[in-house]
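Engineer: If you want the building blocks of each chain, they are given just below.
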Amino acid sequence: MSLRKILIEARLMLLGVVIFIWTLIPIYHLFVMSITPRVETFAGALWPSRPTLENYETVVKQGHYYLEHFWQQLWNSAFVAVMVCVITLVIASTATFAISRLRVRGGRLVSNMALATYLIPPAFLAIPMYKVMGVYGLLNTQWSLILTMVTFASPYAIWVLKQYADKLPYELDEAARIDGASPLQIFRLIYLPLMAPSLVAIGTYALLLAWNEYLYAFLLLSADKDITLAVALGHFLTTDDAPFNVLMATGAVYALPPAAIYYVFRRYMVSGLTAGAVKS
Amino acid sequence: MASVSVEAVRKRYGALEVVHGIDIAIPDGEFVVLVGPSGCGKSTLLRMIAGLEEISGGVVRIGERVVNEVPSKDRDIAMVFQNYALYPHMTVRENMGFSLKLRKADRGTIGERVKRASEILGLDTLLDRYPKQLSGGQRQRVAMGRAIVRNPQVFLFDEPLSNLDAKLRVQMRTEIKALHQQLKTTSIYVTHDQIEAMTMADRIVVMHDGIVEQIGTPLELYDRPANLFVAGFIGSPAINLIRGTLRRDAARSWVSTDAGIDLPLNGNIIGQDGQAVVYGIRPEHLSPSDSDGLPVTVGVVEPTGASTFVYADLSGAQICGVFSERHGFNPGGKMHLMPQLDRVHLFDSATGRRLSA
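Going down the list, the sequences are from chains S and R. According to this note's numbering, the first sequence is numbered sequentially starting from 1. According to this note's numbering, the second sequence is numbered sequentially starting from 1001.
Incorrect hints may appear among the rest.
[Claimed, not checked] Under the rule of at most 16 Å between Cα atoms (straight-line distance), these lysine to aspartate or glutamate pairs were calculated in the EDC-like manner: (1) K1073(R) with E174(S); (2) K225(S) with E68(S); (3) K1184(R) with D1028(R); (4) K1184(R) with E1030(R); (5) K1073(R) with E1054(R); (6) K1073(R) with E68(S).
[Stated by the list, open to error] Pairwise CB distance ranges (calculated): (7) V104(S) with D1128(R): 53 to 63 Å; (8) L1102(R) with V86(S): 54 to 64 Å; (9) M113(S) with L1102(R): 31 to 41 Å.
Hint data in this document are derived by calculation from the structure and do not stem from the laboratory. Glycine included, C-beta positions come from ideal geometry on N, C-alpha and C.
Whole structure, please, built from the sequences with the hints as guidance.
Structural biologist: See below:
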């Protein structure tokens, strides 16, 4: 390897290290505080003198004023996220099948308009959305949050899925038609299996978008038993002496499911299932 | 098995008409090849027969039934695509059995038909593999297997061999022909390769710019091309075409080229003295002679072993000759090439129509 290559490699490595540390510091901070006893919370040590799991115990046993409904709220978060994921997948997969495979008239316009919706930041729509949900009588129900998050997740999901759907060779649909498949059978037996990797990727996106949502969850839900954990975490900061170490322990628990989902589905994030379908 | 009949079929995309009223009658069991340069409408015609394109005008019949409005799945046809179009998430077995599964055939029947088709095609050891684990030729065979399993009325082939390398193409060509001789299912085969057309077809349909130029057996097209286009398209290396003027007097006819060379004709021609014509002679119908015939200067000599290709200059016109005997050709040397007079094709220069009887 020439000196020049080594230099380039070293520079990339250095950049990688900086980004790695930059990303890890907050997580490290969160973790350290979550295993620090209350009295030492702001000791500023890189590692607590007496590491403890008592904060986690508090969380799991709902042993704090802010954590009275911890398990319920965790369930709320999970329910909302899963519903958003499922509904977004149904909408996006059927929409892209219609646009890309059935080639419905005006489909291209729909997918372009889908992208245009991102010209408006979601926060701008907070008040209108609140009003709409009020009119529907859905305020303070989790369906208001689910529908809102589906609204925000679907356009991107349609856009991305369409890119993948367009790459599936159209001859597969034609071959299936000649083999005797109806559009629904093509959707179920050809389209969905071949789109599985992108569906997992898009499903993960929708799931995490809903899981991480704060603004709309805060706005649309108010009862302690209805809110998601993200909103409950925010409640910790409503007093001056917030119990930071319990907050961080809750935060760590809250961060586990997304991390696990990423880990489990990481192989779906790369596609390649279509290899061998046609000669490219 | 069934006959296929195409009557005055047209295809329009908006205002643009790409297929201009085509008539072809294909009897039951025949192997017909649609051949023509790209953009001639042959694939579009095949896709209309398959039901993948709407028919803008005319009638397509399979058997006695008009199928214009019948969806593909109910036409009882099978199609082999250029890029195979195998379902990548299914094994060879599942690919081949897919159509039967959709028709709710019981598992025993599916297994038996898949087994029989795979034995015919030599795929029996590959049934549990996925398409991506197969070579190009094997994939092509699976695509054919998928068609055979159905036992359809008609096979449609859309340039099935163009993705294979040259050697495999020749091999598969023979296999498809042997398969047709065995199954005797009516087949319509689209290709742009005239050698494929010549070697495989019972009858060839030569298409050009959305019309049929000529329909006939391979040898009819070779021996009596109806016009300049067919003459130029069929045969390899291509026919020599030399522009000139038809001359006739009481005793004989000949063609006089612009460079002033006289090309010999026999009597069997229609046409007037002074008519602008194109004189066609295939490379294999020229023979070297000492003093008679066309005076040429030898350019490039290409021996292939079995025969020798000679490219020569006839006063500015490029002439190709193919000889199975091994003459000693010298690049740059002068010689004469004598056309076989009964093999000369004469065409009207303006209309392209055949003038020799």
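Engineer: If a hint holds in the structure, say so; if it does not, say that too.
Structural biologist: Quick rundown of the hints versus the structure:
1. A C-alpha spacing of about 10 Å is found between K1073(R) and E174(S), which places the hinted pair at or below 16 Å, so the restraint holds.
2. For the hint linking K225(S) to E68(S), the alpha-carbon distance of about 9 Å falls within 16 Å, and the restraint holds.
3. At roughly 9 Å between alpha-carbon atoms, K1184(R) and D1028(R) fall within 16 Å of each other, so this suggested pair holds.
4. Annotation: proposed proximity of K1184(R) to E1030(R) holds, straight-line Cα distance about 7 Å (limit 16 Å).
5. Distance restraint check for K1073(R) and E1054(R): the Cα-Cα separation of roughly 14 Å lies within the 16 Å cut-off, and the hinted pair is therefore satisfied.
6. Under the criterion of a C-alpha separation no larger than 16 Å, the hint pairing K1073(R) with E68(S) is inconsistent with the structure, at around 61 Å.
7. The hinted window of 53 to 63 Å between V104(S) and D1128(R) is violated, with their beta carbons roughly 37 Å apart.
8. Range check, L1102(R) to V86(S): about 28 Å between beta-carbon atoms, so the 54 to 64 Å window is missed.
9. Separated by about 35 Å at the C-beta atoms, M113(S) and L1102(R) satisfy the suggested range of 31 to 41 Å.
Hints 6, 7 and 8 from the earlier list are contradicted by this structure; the remaining hints agree with it.
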